[in-house]
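Given the structure of chain W, go ahead and fit chain U with the ligand onto it with the hints provided.
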Amino acid sequence: MDKETIEKVANLSKLAVEEGELSDFKDELLNILDYFDKLDEANTENVPPTSHVMEIINKMREDEVEKELDNESALKNSSNPQEGYFKGPKVRD
Amino acid sequence: MNVTIGLEVHVQLLTKSKLFCNCGTNYRDSEPNTHTCPVCLGLPGSLPVLNKKAIEYGTMAGLALNCDIANEMQFHRKNYFYPDLPKGFQITQYDRPLGQNGEIRLDQDKKIRIKRIHLEEDPGRLVHPPSARYSLIDYNRSGVPLLEIVTKPDMDSPQEARSFLKKIRETLEFLDIFDGSLDGAMRCDANISLEGGGRAEVKNISSYKGAEKALSYEITRQKNLLRRGKEVKRETRHFDESQEITRSMREKEQEHDYRYFPEPDLPLIQLTEEKINSIKEKLPELPEEKRKRFLDQYEITKDQAKSLTTSKTLANFFEEISQQVNPKKTATWVTDSLMGELNYRDQSLSESNMNKQKFIYILEKLRDGDITEKGATKIIRHILDEGGHPKEIIKQKDFKAIKSQNLDQIIHKILEKNSEAVEDYIKGKEEAINYLVGQVMSETKGKAKPADTRKKLQKILEGYDG
Ligand SMILES: [Zn+2]
Numbered sequence: 001m002d003k004e005t006i007e008k009v010a011n012l013s014k015l016a017v018e019e020g021e022l023s024d025f026k027d028e029l030l031n032i033l034d035y036f037d038k039l040d041e042a043n044t045e046n047v048p049p050t051s052h053v054m055e056i057i058n059k060m061r062e063d064e065v066e067k068e069l070d071n072e073s074a075l076k077n078s079s080n081p082q083e084g085y086f087k088g089p090k091v092r093d
Numbered sequence: 001m002n003v004t005i006g007l008e009v010h011v012q013l014l015t016k017s018k019l020f021c022n023c024g025t026n027y028r029d030s031e032p033n034t035h036t037c038p039v040c041l042g043l044p045g046s047l048p049v050l051n052k053k054a055i056e057y058g059t060m061a062g063l064a065l066n067c068d069i070a071n072e073m074q075f076h077r078k079n080y081f082y083p084d085l086p087k088g089f090q091i092t093q094y095d096r097p098l099g100q101n102g103e104i105r106l107d108q109d110k111k112i113r114i115k116r117i118h119l120e121e122d123p124g125r126l127v128h129p130p131s132a133r134y135s136l137i138d139y140n141r142s143g144v145p146l147l148e149i150v151t152k153p154d155m156d157s158p159q160e161a162r163s164f165l166k167k168i169r170e171t172l173e174f175l176d177i178f179d180g181s182l183d184g185a186m187r188c189d190a191n192i193s194l195e196g197g198g199r200a201e202v203k204n205i206s207s208y209k210g211a212e213k214a215l216s217y218e219i220t221r222q223k224n225l226l227r228r229g230k231e232v233k234r235e236t237r238h239f240d241e242s243q244e245i246t247r248s249m250r251e252k253e254q255e256h257d258y259r260y261f262p263e264p265d266l267p268l269i270q271l272t273e274e275k276i277n278s279i280k281e282k283l284p285e286l287p288e289e290k291r292k293r294f295l296d297q298y299e300i301t302k303d304q305a306k307s308l309t310t311s312k313t314l315a316n317f318f319e320e321i322s323q324q325v326n327p328k329k330t331a332t333w334v335t336d337s338l339m340g341e342l343n344y345r346d347q348s349l350s351e352s353n354m355n356k357q358k359f360i361y362i363l364e365k366l367r368d369g370d371i372t373e374k375g376a377t378k379i380i381r382h383i384l385d386e387g388g389h390p391k392e393i394i395k396q397k398d399f400k401a402i403k404s405q406n407l408d409q410i411i412h413k414i415l416e417k418n419s420e421a422v423e424d425y426i427k428g429k430e431e432a433i434n435y436l437v438g439q440v441m442s443e444t445k446g447k448a449k450p451a452d453t454r455k456k457l458q459k460i461l462e463g464y465d466g
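In the order they appear, the protein sequences are chains W and U.
With the first letter of the first sequence counted as 1, position 4 gets the number 4 in our numbering; the numbers rise by one all the way through.
With the first letter of the second sequence counted as 1, position 269 gets the number 269 in our numbering; the numbers rise by one all the way through.
Please note: incorrect hints may appear among the correct ones.
Said to hold, decoys possible - For lysine-lysine, the following DSSO-like pairs were computed, each having C-alpha atoms within a straight-line distance of at most 30 Å:
id : chain 1 : residue 1 : chain 2 : residue 2
1  : U       : Lys203    : W       : Lys90
2  : U       : Lys203    : W       : Lys76
3  : U       : Lys78     : W       : Lys76
4  : U       : Lys302    : W       : Lys14
5  : U       : Lys275    : W       : Lys59
6  : W       : Lys67     : U       : Lys78
7  : W       : Lys8      : U       : Lys78
8  : W       : Lys8      : U       : Lys52
9  : W       : Lys87     : U       : Lys87
10 : U       : Lys459    : U       : Lys413
11 : W       : Lys59     : U       : Lys203
12 : U       : Lys275    : U       : Lys302
13 : U       : Lys16     : W       : Lys76
14 : W       : Lys87     : U       : Lys203
15 : U       : Lys78     : W       : Lys14
16 : W       : Lys26     : U       : Lys52
17 : W       : Lys67     : U       : Lys16
18 : U       : Lys292    : W       : Lys59
19 : W       : Lys67     : U       : Lys52
20 : W       : Lys14     : U       : Lys203
21 : W       : Lys38     : U       : Lys16
22 : U       : Lys52     : W       : Lys59
23 : W       : Lys8      : U       : Lys87
24 : W       : Lys59     : U       : Lys459
25 : U       : Lys78     : W       : Lys90
Calculated from the structure, these hints are not laboratory results.
Just so we're clear, the structure is a prediction, and the values are computed from it rather than from any experiment.
In isolation and in its complexed conformation, chain W is listed as follows (with noise of 0.2 Å):
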């Protein structure tokens, strides 16, 4: 696993990581997969994918509106309210 290779993932889950953490990163990171390869060791020719530990299908709601957070309690735990709206740093140019 190369520099590159963490320092994408890492960014991609936005997590800072500095110089000097690289190498204990990569080793876990290969811990990881290596863990994954021992997993393709099992033979699951005959076994459909599993997605869901649960064997519940179709659990859904009927169309109907409900009690909505009024703005004041959608904005509570935001630390830039502004106007109604959340604030952010402008994402386009």
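Chain U with the ligand alone, transformed into the frame defined by chain W:
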């Protein structure tokens, strides 16, 4: 030079509540962040629950677009980092979409294949105040159900892309699952390439006109590059609606690294054949079927049947009026006069001042000879421009057709004034009568019926002769 176009169309489905929570979808007339909850704000610990209606609407759309509907489908997380997505991912469908392998036929009988359709959540809305160094976010739209329709690259002109979008709108509106008149209810991305060049993906198209303009611009741009022997890069471009051009988008490589994985909070959805069939049976009459029925049922032309079925509102308007007034007359007045006047004003029937009662009144007055065709047209224009009821307009504007007795008087007056034309006619110059009819029409300001006038004139002039 061969042009290849494929579209990815996003349409909002008309459910009352959002795709994964019970918040309302009526964000357009609302204050920002007033239709939210922990689910659509992406707060930790909240869990999505799928809206049954969205699956039903999606299935209806899939059937109308002749797709194979999946018996089992799944949702995935599409990960990307942008503030319009509070969770840091969008819940969408990936390798197990709602429908696949559909097709739709355009009016010219051109077949456009549909690769897939799937459900996903609409992101929030970003506001960029001019000159501000920040962006504002409104999550009212976050979680509104979207149906994405992906075509195969089967279109070969901007006009065809526009026809396709219109067809999609028409079809989904007939199903009552979509309202194309709502701002931003239909958005699309287009893939376009020319023979021998790379493919450009144009984003941010939000209207039919926009689609046609963006694609025409792209064709010119790519043609010019190829002509000069330059390479057409494979890239994503942004359509600037106000300037009608496309611009290259600076994009980071990682934007395409979506790391899809199955949404663990949403169980699998199974649709049995019985369920799909029961939805199929409930499908309302689609434009194509309606067109055929109109042709069979009413004595109207092919073109009229086609025009009358371009929207559900229009089709119902015609059909309901036809129960009271002659269908043939109704079809003519709706397609020739009303639709022409609406187009001229860039209005749609539903947003105009015209309604069934008013139109029936006009057609009945016309049938009874109380107004002339010219008068009827003037009344229609008046209603579209200023509103009002035809009964009042006829009174106020003096649009009443001239009474037979009065017309006789006027004709005699005109004949006295134009003895030369009368003599010409008697001498056998038959065109002279046209001049006389014209004189009567202008004297009555169009309130006389040309055919009646001609008949009366002929009768009187024959008397002169004898
Ligand atoms: Zn919500």
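Cross-check of the supplied hints:
With a C-alpha separation of about 20 Å, the suggested pairing of lysine 203 of chain U with lysine 90 of chain W holds against the 30 Å cut-off. Simply put, lysine 203 of chain U and lysine 76 of chain W have alpha-carbon atoms about 34 Å apart, too far for the 30 Å limit, and the pair is violated. With a CA separation close to 27 Å, the supplied pair lysine 78 of chain U and lysine 76 of chain W stays within the 30 Å bound. Between the alpha carbons of lysine 302 of chain U and lysine 14 of chain W the distance comes to roughly 60 Å, so the proposed pair goes past 30 Å and is violated.
Restraint check for lysine 275 of chain U and lysine 59 of chain W: satisfied, since their Cα atoms lie roughly 15 Å apart, inside the 30 Å limit. At most 30 Å may separate the alpha-carbon atoms for a hinted pair to count; lysine 67 of chain W and lysine 78 of chain U meet this at roughly 28 Å. Distance check on the hinted pair: lysine 8 of chain W and lysine 78 of chain U sit about 17 Å apart at the alpha-carbon level, within 30 Å; holds. Between lysine 8 of chain W and lysine 52 of chain U the CA atoms are separated by roughly 39 Å; this puts the pair beyond 30 Å, and the hint is violated.
For the proposed pair lysine 87 of chain W and lysine 87 of chain U, the alpha carbon gap of about 16 Å is at most 30 Å, so the pair holds. For the suggested pair lysine 459 of chain U and lysine 413 of chain U, the alpha carbons sit about 15 Å apart, so the restraint of at most 30 Å is met. Only pairs whose Cα atoms come within 30 Å are accepted, and lysine 59 of chain W paired with lysine 203 of chain U is rejected, the gap being roughly 34 Å. Between lysine 275 of chain U and lysine 302 of chain U the alpha-carbon distance is near 36 Å, which puts this suggested pair outside the 30 Å criterion.
Simply put, lysine 16 of chain U and lysine 76 of chain W have alpha-carbon atoms about 26 Å apart, close enough for the 30 Å limit, and the pair holds. Our distance criterion of 30 Å between C-alpha atoms is met by lysine 87 of chain W and lysine 203 of chain U, whose separation comes to about 25 Å. Straight-line distance between C-alpha atoms of lysine 78 of chain U and lysine 14 of chain W comes to about 16 Å, which keeps the hinted pair within the 30 Å bound. Distance hint between lysine 26 of chain W and lysine 52 of chain U is unfulfilled; the C-alpha atoms sit about 45 Å from each other, more than 30 Å.
A C-alpha spacing of about 13 Å is found between lysine 67 of chain W and lysine 16 of chain U, which places the hinted pair at or below 30 Å, so the restraint holds. For the hint pairing lysine 292 of chain U with lysine 59 of chain W, the CA-to-CA distance comes to about 41 Å; that exceeds 30 Å, so the pair is violated. A C-alpha spacing of about 19 Å is found between lysine 67 of chain W and lysine 52 of chain U, which places the hinted pair at or below 30 Å, so the restraint holds. Restraint check for lysine 14 of chain W and lysine 203 of chain U: satisfied, since their Cα atoms lie roughly 26 Å apart, inside the 30 Å limit.
Distance check on the hinted pair: lysine 38 of chain W and lysine 16 of chain U sit about 48 Å apart at the alpha-carbon level, beyond 30 Å; violated. Among the hinted pairs, lysine 52 of chain U with lysine 59 of chain W is consistent with the structure: their alpha-carbon atoms are about 9 Å apart, no more than 30 Å. Straight-line distance between C-alpha atoms of lysine 8 of chain W and lysine 87 of chain U comes to about 20 Å, which keeps the hinted pair within the 30 Å bound. A threshold of 30 Å between alpha carbons decides the hint, and for lysine 59 of chain W with lysine 459 of chain U the separation of about 81 Å lies outside it, so the pair is violated.
Straight-line distance between C-alpha atoms of lysine 78 of chain U and lysine 90 of chain W comes to about 23 Å, which keeps the hinted pair within the 30 Å bound.
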